[in-house]
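Enquirer: Listed below are the residues making up each chain.
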Amino acid sequence: MPSGKISLADRWIMKFASINWRGLSAVIGFFLVWQLAVIFEFAGFQEIPSPWQVINTFFSDFLFSDKYWVSWFISFKRVLVGFLLAQIMGVPLGLFLGTSPTFYRLVFPVFEMLRPIPPLAWVPLSILFWPTNEGSIIFITFIGAFFIITINIFDGVRSIKKEHVWLARSLGAGNFRIFHKIMLPAVIPAIAVGMTLGIAVTWNVVIAAEMIASDSGLGRLTWEGYVSSTPPVVIVGMISIGFAGYLSTVIVDIFERRMMPWKYKK
Amino acid sequence: MSTSKMKVEGPLTGKVSIRNVTKVYDPDGANVVALEQFSMEVPAGDFIAIVGPSGCGKSTLLNILAGFDTLSQGEVYLDEEPLALVNKPALPGPSRVVVFQQGALFPWKTVLENVTYGLLKQRVMGKSDAEAKAMDLLARSGNLEKIGGLYPNQLSSGMQRRVEILRALINDPKILLLDEPFRAMDTVNKNTMHQHLLKIYQDNPKTIMFITHDLEEALFLADRVIVMTTRPGTLKLDIKVNLPRPRRREMMASKEYLNLRQQTISAVREEAKKAFERGERELA
Chain A
1 MPSGKISLAD
11 RWIMKFASIN
21 WRGLSAVIGF
31 FLVWQLAVIF
41 EFAGFQEIPS
51 PWQVINTFFS
61 DFLFSDKYWV
71 SWFISFKRVL
81 VGFLLAQIMG
91 VPLGLFLGTS
101 PTFYRLVFPV
111 FEMLRPIPPL
121 AWVPLSILFW
131 PTNEGSIIFI
141 TFIGAFFIIT
151 INIFDGVRSI
161 KKEHVWLARS
171 LGAGNFRIFH
181 KIMLPAVIPA
191 IAVGMTLGIA
201 VTWNVVIAAE
211 MIASDSGLGR
221 LTWEGYVSST
231 PPVVIVGMIS
241 IGFAGYLSTV
251 IVDIFERRMM
261 PWKYKK
Chain B
1 MSTSKMKVEG
11 PLTGKVSIRN
21 VTKVYDPDGA
31 NVVALEQFSM
41 EVPAGDFIAI
51 VGPSGCGKST
61 LLNILAGFDT
71 LSQGEVYLDE
81 EPLALVNKPA
91 LPGPSRVVVF
101 QQGALFPWKT
111 VLENVTYGLL
121 KQRVMGKSDA
131 EAKAMDLLAR
141 SGNLEKIGGL
151 YPNQLSSGMQ
161 RRVEILRALI
171 NDPKILLLDE
181 PFRAMDTVNK
191 NTMHQHLLKI
201 YQDNPKTIMF
211 ITHDLEEALF
221 LADRVIVMTT
231 RPGTLKLDIK
241 VNLPRPRRRE
251 MMASKEYLNL
261 RQQTISAVRE
271 EAKKAFERGE
281 RELA
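Protein sequences, first through last, are from chains A and B. Take the first sequence: its letters are residues 1 to 266, numbered as in our numbering. Take the second sequence: its letters are residues 1 to 284, numbered as in our numbering.
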């Protein structure tokens, strides 16, 4: 047998050996303690459903329910639209702020005035301003990501190595080339950071906004579970939101790897 | 003949005349004089090392030549043509390419893309010709053609610096400006890099201005060592290094070398001490 080959059985043994046993037992322990806390009615746990109840509720009422998957779709759509709008407006704005001192002096004070206002503080005004609920939720989602993305791009432009720009000029690149061949690739890492932070914030914001101002989406589903005194629904909602956020991070991560092959090749 | 360097026949380009160059920075009205009445002649094809304490204006001088900075007084000529004047500073161009201390390879481009960058931007040749030329250059520089498809962060810092020097050389610059390119390296790596640089210079002798504050490095590599004073930077000492080429490590034990070192070391120490004391004063 050639020495370089590893048999399938060996492969499984290696996989088995590389499992994080401590972590796995802690996860099992977490659910076990939860289940016991509910069974023995620890303080505060009287109203809390057990993990088993949550799983049962999920399989009986949610897995095959259209309404549940529509909630997923609606929240995802809101996050996506808000996030994309924030990218489309934040990236160019950050680039302009970083490259033009005049534009910076003109716009940055207003930007800095609005930036500290938490996205959820915009909820009432947003409802008053936008004709539809959908519009206001998307707006709030957008606000959540917009400032973070812009400030990251702005920082990215300012930290471009002057040597890169100088070298490009020495080697014969003109102004336009410098912009799209040096500045753009140089700020890609900043765009990626903006994406990672932005997507996390959009999920935070969209859930809260849905609870306050919407009749649909995963946030609303969770809130309705509370209002209708069906605690298992609350927990199904929480887990769904967590999973949706995780899924979005994975997708963003894939994009980032595509955007910066040079960062991930080792 | 004191040097065994093979000079290429015909007119060698890259003669630099720096005449009374003064550079005053004016951040918030505090006039900092980086260079004062600095003059020096660099014959075409010479390897010049410039040594001096931090902040003595070495990098300023290089940046003026490269076209990244302006001058306040004086003039610079390249092959008898005005290169940088007070009201007409030099523009950056492929005749004067800098290799920086921290390295400035484009991290988002592969080695091959980095090396061909200049040829393609200046439209001297098409992509396939440029790539062939780059591969040939990489191959002749110690089998580097194997790393053409890698990104800079996949290379060691020594490799990165070699690629960077080649990226400059492929454009056939008149002057190669090296701004402490090996500063962050350990001694072993540095020695290897010295050998590579000397080989490059031997194969294709062109004017090199090499900034460092490592005196040993300067004496080992250069035909001439310029010691600069602390700020404002002026010329303190101009020493000819009559060591034969090709240079070898053993020469650093020779009488001539030790002699040169003796002559220069006190000048460098003196300026370093002045710079240090001024730093203390400025902090106080």
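Do not take every clue at face value.
[Unchecked claim] What follows is a list of derived Cβ distance ranges for each label pair:
{"no.": "1", "chain 1": "B", "residue 1": "Gln73", "chain 2": "A", "residue 2": "Asn204", "range": "54 to 64 Å"}
{"no.": "2", "chain 1": "B", "residue 1": "Ala30", "chain 2": "A", "residue 2": "Tyr104", "range": "21 to 31 Å"}
{"no.": "3", "chain 1": "B", "residue 1": "Ala30", "chain 2": "A", "residue 2": "Arg22", "range": "57 to 67 Å"}
{"no.": "4", "chain 1": "A", "residue 1": "Ser100", "chain 2": "B", "residue 2": "Tyr77", "range": "34 to 44 Å"}
{"no.": "5", "chain 1": "A", "residue 1": "Leu184", "chain 2": "B", "residue 2": "Gly126", "range": "19 to 29 Å"}
[Claimed, not checked] Under 8 Å between C-beta atoms, here's a sample of chain B residues computed to sit facing chain A:
{"no.": "6", "residue": "Ala66"}
{"no.": "7", "residue": "Tyr77"}
{"no.": "8", "residue": "Pro107"}
{"no.": "9", "residue": "Gly118"}
For the record, the hints were derived by calculation from the structure and aren't laboratory data. Where is the CB? At the ideal position from N, CA and C, for every residue including glycine.
Enquirer: Take the C-beta atom of B/Gln73 and the C-beta atom of A/Asn204, compute their distance, and say whether it sits inside 54 to 64 Å.
Expert: For B/Gln73 and A/Asn204 the Cβ distance comes to about 59 Å; the hint holds.
Enquirer: With chain A as the partner, please determine if B/Gly118 meets the hint condition of a C-beta pair closer than 8 Å.
Expert: Status holds, d = 4 Å.
Enquirer: A/Ser100 and B/Tyr77, beta-carbon distance inside 34 to 44 Å?
Expert: holds, 36 Å
Enquirer: Is the gap between the beta carbons of A/Leu184 and B/Gly126 within 19 to 29 Å?
Expert: holds, 24 Å
Enquirer: Within 57 to 67 Å or not, the Cβ separation of B/Ala30 and A/Arg22?
Expert: Holds, at about 60 Å.
Enquirer: Is it true that B/Ala30 and A/Tyr104 lie within 21 to 31 Å of each other by Cβ?
Expert: holds, 25 Å
Enquirer: Interface hint check: B/Pro107, Cβ to nearest Cβ on chain A, cutoff 8 Å. Holds or violated?
Expert: Nearest chain A Cβ about 5 Å off; hint holds.
Enquirer: With chain A as the partner, please determine if B/Tyr77 meets the hint condition of a C-beta pair closer than 8 Å.
Expert: violated, 19 Å
Enquirer: Can B/Ala66 be said to touch chain A, with a Cβ gap under 8 Å?
Expert: holds, 6 Å
Comparing the model with each earlier hint shows a violation of hint 7 alone; every other hint is respected.
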